[in-house]
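Each chain, letter by letter, is given below.
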Amino acid sequence: MIWKIILFLLISFVSIAGIAFPIVKNPQAWYEFPNIPGLEENAKIIFFHVPTAWLTLIAFLMSTVFSFKYLKNKNMDDDAKAYAAAQLGMVFCILATVTGAVWAKFAWGAFWSWDPRQTSIFALLLIYGALFALRSSIESEEKRATLSSVYSMIAFVTVPFFIFIMPRIMKGLHPGSADDTGAGPIVNFQMNSSMLFIFVLSLIGFTILYYWMWQVSYKSVIYRDKLNKNLIRG
Amino acid sequence: MISKAFAVFNKDFHSELRTRYAINSLAMFVIVAISVIMFAVGQEKISEGLTGGLFWVVIFFTAMSGLARTFVSEEERGTSLTLQLVASPSAVFSGKLLFNIILVFCMNTVIALLYAALFESFVIKNYSLFFFSFVLGNIGLAISSTIIAAIISKAGAKGTLYPVLSFPILLPLILTSVQLTLFSLDGTSIEDAKFELAIVVSYDVIMLTVSYMLFDFIWKD
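Those sequence lines, one after another, are chains A and B.
Each residue of the first sequence is one higher than the one before, counting from 1 in our numbering.
Each residue of the second sequence is one higher than the one before, counting from 235 in our numbering.
Hints were generated in silico from the structure; no laboratory data involved.
Beta carbons are placed, not taken as given, at the ideal position from N, Cα and C, and that holds for glycine.
Misleading hints may appear alongside valid ones.
[Said to hold, decoys possible] If we take Cβ atoms under 8 Å as the criterion, some of the chain B residues that face chain A in the derived model are: (1) Val270; (2) Ile271; (3) Lys388; (4) Val398; (5) Pro406; (6) Val444.
Can you make the complete structure from the sequences, with help from the hints?
See below:
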């Protein structure tokens, strides 16, 4: 219970701080953010866009890890965990795509421009979609678990291509692309300490939120399966 | 294991020669797809960049229409259990992969020849780069589509599922291969395209390893 209250306070603080704290030229007080040239007020969406993108990847990683565990031990609970992680990953993937597109509209001038990062998040959406299409097409439980585990592991090995290699060869607008003249993502060199602090808080808050959602969601999947089996038997 | 793999390949090759299902349907598909593109283009002059992309559109959809056959036909004829008794999973996979690689090579050579004959702007300036990217791209295409075909065949051979599952897996390969095709149409030297070639090589190696590791789980029920 205490965790939920802390989480509530954390997320509320991050939301209020992220939206309401002013952006000024020379930040003096602790609640003032620096003005990043080229981003200005747009910079605030970083507190919501980056955590969703981060959680998309974490969810995908967890889904793959539990798929691997399923293939190793053939325990249906692991499949439920992998499935729940993938479901949440899909939700956060859509959120990251939408917040990214909104940010792109105001920072780059168009909702969608096939930037390497946009291409990779689109590929991740496709992978999640394909995973659910595969799952819904198979009746037998064990076959479904095995085949979707195999598919998510095959899909996982393509992710490094999207995350590390594509942005290096394709020209892009996102921080960290091949023609980016800066030292790296804006996080490294233009945020002041208060902005960085709230950014890290938001990452932590969203990660705890994800973990909690994932626990509720995989338990509900397991209970649903149990109830279904009881119905069939009884 | 190698002799078993060749036996599986031989079996597929002979049953293909007997029915000629895959060859006929693939050949017709290539003709249909290219003629649709020709009609859509009409009298327009299309640029080099566009032909390079359209080349891979035809390759992707032709592969998606024909390559699932190798495993799906085993399930349809009910021979997959016999095959499990006769050969080890990796031998079966090697045989099927060899068959698909040869099929992809035949199909893509025909597509490339037709493109060179029919599209004025499809003029290859750097033949060796085109050759390397063509060979590496074909191998990658065959590996990924063979392992996805195995998944599909166990999932009840839903036809529409095959391109849906394959596309995200093939996307890194297709994006890089489109880039390499553009380079060879531009006349870029192999030195400048080294990084892209390295990506395709690593894609092939990674996919091959993962496929061999995971095929056991798909094949044994």
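Here's how the hints hold up against the structure:
no. : hint   : verdict
1   : Val270 : violated (24 Å)
2   : Ile271 : violated (22 Å)
3   : Lys388 : holds (6 Å)
4   : Val398 : holds (5 Å)
5   : Pro406 : holds (4 Å)
6   : Val444 : holds (5 Å)
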